[in-house]
Amino acid sequence: MLDLTINTDVARQILTGFIKSEVTRVGFSRAIINLSGGLDSALSCALAAEALGPENVLALRLPYRTSSPDSLEHAQLVIDRFNVRSETIDITKMVDPLIEHDPDMSNTRKGNIMARSRMIVLYDQSEAFRALPIGTSNKTEILLGYSTMWGDMASAINPIGDLYKTQVRQLSRALGIPAEIVDKPPSADLWVGQTDEGELGFTYEQVDKLLFLIVDQRYSAQECVEEGFDGAFVHSVVARVRRNQFKRMMPPIAKVSNRTIGYDFLYLRDWGT
Amino acid sequence: MRLNLALAQIATKLGDVEANLEKHLDFIKRAKEQKADLVIFPELSLTGYVVQDLVATVAHRPTEEDPVFKHLLKESEDLDLVIGFVDEDDRHRFYIASTYLSGGRVLHVHHKVYLPTYGLFDEGRFFAWGDRVRSFDTRFGRAGLLICEDFWHASPPYLLWLDGADLMLFSSASPGRGLTDREKLESARWVERVNQAYASMFTSFIVHCNRVGYEDGLHFWGGATVNDPNGELIARGPYFEEALTLVQLDLNQLRRTRARLPLLRDERTNLTMSELQRILRK
Chain A
1 MLDLTINTDV ARQILTGFIK SEVTRVGFSR AIINLSGGLD SALSCALAAE ALGPENVLAL
61 RLPYRTSSPD SLEHAQLVID RFNVRSETID ITKMVDPLIE HDPDMSNTRK GNIMARSRMI
121 VLYDQSEAFR ALPIGTSNKT EILLGYSTMW GDMASAINPI GDLYKTQVRQ LSRALGIPAE
181 IVDKPPSADL WVGQTDEGEL GFTYEQVDKL LFLIVDQRYS AQECVEEGFD GAFVHSVVAR
241 VRRNQFKRMM PPIAKVSNRT IGYDFLYLRD WGT
Chain B
1 MRLNLALAQI ATKLGDVEAN LEKHLDFIKR AKEQKADLVI FPELSLTGYV VQDLVATVAH
61 RPTEEDPVFK HLLKESEDLD LVIGFVDEDD RHRFYIASTY LSGGRVLHVH HKVYLPTYGL
121 FDEGRFFAWG DRVRSFDTRF GRAGLLICED FWHASPPYLL WLDGADLMLF SSASPGRGLT
181 DREKLESARW VERVNQAYAS MFTSFIVHCN RVGYEDGLHF WGGATVNDPN GELIARGPYF
241 EEALTLVQLD LNQLRRTRAR LPLLRDERTN LTMSELQRIL RK
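Heads up: the sequence lines are chains A and B, in that order. Each step along the first sequence adds one to the number in the numbering used here, with nothing skipped, and position 249 is 249. Each step along the second sequence adds one to the number in the numbering used here, with nothing skipped, and position 263 is 263.
None of these hints come from the bench; they were simulated from the model. Careful: at least some of the hints might be erroneous.
Said to hold, decoys possible - Only part of the chain A face toward chain B is listed, based on derived beta-carbon distances under 8 Å:
| # | residue |
| --- | --- |
| 1 | Val10 |
| 2 | Ala11 |
| 3 | Gly17 |
| 4 | Phe212 |
| 5 | Ile214 |
| 6 | Thr273 |
Said to hold, decoys possible - Taking beta-carbon pairs under 8 Å as the criterion, some of the chain A residues facing chain B (in silico):
| # | residue |
| --- | --- |
| 7 | Leu2 |
| 8 | Thr16 |
| 9 | Pro69 |
| 10 | Glu73 |
| 11 | Gln76 |
| 12 | Tyr123 |
| 13 | Tyr263 |
| 14 | Arg269 |
| 15 | Asp270 |
For every residue, glycine included, the Cβ atom is placed at its ideal position computed from N, Cα and C.
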């Protein structure tokens with residue numbers, strides 16, 4: 001029951017097909033990705049390169065002055081391994097003037113500014129390269145809300161958003177993403193020494209199994225405890241998922257007319273294509 | 001008697017009936033070149049699946065005056081066709097429909113009787129429920145049409161069987177889901193399992209054509225199949241890819257299987273009826 005193993009051949013076929021279909025049907029042939037040096041963006045990049053051809057994928061490296069040198073190097077490993085195009089733009093000069101305006105701001109605020117600056121570069125370069133931005137958020141972080149709205153969550157399509165982090169690892173290994181990236185501790189690298197698991201207070205291995213029971217298998221909190229999960233852990237994760245629902249939605253529109261976007265004006269994105 | 005069947009597992013453009021008609025005509029041409037007698041297309045093959053508020057704008061009537069069906073009816077003079085579409089009745093109710101065209105005529109229209117409205121599905125919001133399950137005669141014997149959720153319930157195939165169908169023609173737009181460590185998605189395994197069971201229990205041919213392609217984040221897994229009256233798989237289209245899969249059905253297999261295994265002969269419909277009446281009276 002608690003096995004999150006996926007068939008990576010099937011996943012690869014579905015996800016590359018998704019990228020190809022959803023990029024080309026709206027008249028594009030290219031994709032662009034913010035390559036952080038971490039695993040999620042490496043996987044999205046590898047899938048896009050396979051789907052569209054590496055010459056049609058532009059990987060952006062967007063370091064800030066405190067970014068770990070490893071992040072830049074690991075991004076380069078992915079660029080070299082999958083032979084995609086690349087561009088490096090330092091975001092320090094975008095970020096620092098805003099931080100200097102309020103030098104006492106929290107790490108969270110600074111991190112959000114960096115994530116949103118990278119979004120600005122991503123969308124600007126997408127226009128220059130005539131490409132659609134590919135998402136890099138996995139199911140675990142989307143459920144936990146461990147991401148910045150309109151920052152790293154921003155994309156046109158997301159091929160990996162229904163894969164838990166541990167499944168991202170499994171698929172990444174199958175696609176040949178270099179081991180140093182697969183095996184390193186996940187980090188948003190927004191400040192020195194930050195790691196996802198340190199900040200969240202639990203490991204992906206633990207929380208993925210719990211989320212799989214709650215979300216995919218529809219277990220109640222009580223049933224999760226009966227399966228051996230710590231009660232406090234279960235309740236904190238359930239609360240966290242609920243609290244972050246707003247991040248997973250378009251802003252609700254106040255209904256006054258007979259036909260309102262989001263409620264009774266219903267068309268898929270792929271309308272007419 | 002032999003039937004050359006073509007399973008056209010196509011991808012569609014969402015809401016672009018003209019483009020989808022062109023694709024139908026292209027697959028029909030290819031099927032003709034390969035001497036097919038009958039081509040079966042997936043559920044909502046003329047419209048795409050998640051039509052939502054497009055329902056009224058993509059609806060068509062299967063008549064000679066209709067700008068889409070006039071072409072398909074003409075093609076059906078050369079080979080029989082099963083087409084998926086949105087049907088609109090005289091009082092402007094819209095149905096998920098499947099029609100059998102032959103010899104330039106409409107032999108049968110089926111309106112989907114089970115509209116899944118749960119999980120990722122929202123059909124009951126946009127469509128009217130069909131209220132008939134009927135078999136009909138074709139030049140290959142008696143047949144029946146069902147659409148996707150119709151055969152997730154046991155009663156519609158059972159009714160077709162009792163109404164004389166030896167050839168069950170199922171069409172789907174089945175979104176792939178349930179990725180595990182297995183080679184097949186859970187949704188594909190479920191559908192293949194029940195179709196094999198129907199073929200075995202009803203000692204009939206079960207034909208299933210499922211679409212491929214993507215609509216937003218949904219994908220459709222294809223894998224069209226034919227099971228013979230022994231329950232054996234005799235054809236399968238590829239997963240995830242457009243394909244025209246040809247297979248020859250030896251219709252004499254019905255006689256050989258039923259001579260060995262007289263499940264149809266022994267079926268106690270009066271017992272079923274009397275027990276159903278008792279259950280419904282409760």
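Now the hints, each set against the structure:
1. Val10: Holds, about 6 Å.
2. Ala11: holds, 6 Å
3. Gly17: Holds: closest Cβ of chain B sits about 6 Å from glycine 17 of chain A, inside 8 Å.
4. Phe212: violated, 11 Å
5. Ile214: Not OK, violated: isoleucine 214 of chain A not within 8 Å of chain B, min 16 Å.
6. Thr273: Where the cut-off is 8 Å and the nearest Cβ of chain B is about 6 Å from threonine 273 of chain A, the hint holds.
7. Leu2: violated, 12 Å
8. Thr16: Check failed: Cβ of threonine 16 of chain A comes no nearer than 10 Å to chain B, outside 8 Å.
9. Pro69: violated, 36 Å
10. Glu73: violated, 32 Å
11. Gln76: violated, 31 Å
12. Tyr123: violated, 21 Å
13. Tyr263: violated, 11 Å
14. Arg269: holds, 5 Å
15. Asp270: holds, 5 Å
Figure legend: structure checked against the earlier numbered hints; hints not met, in rising order: 4, 5, 7, 8, 9, 10, 11, 12 and 13.
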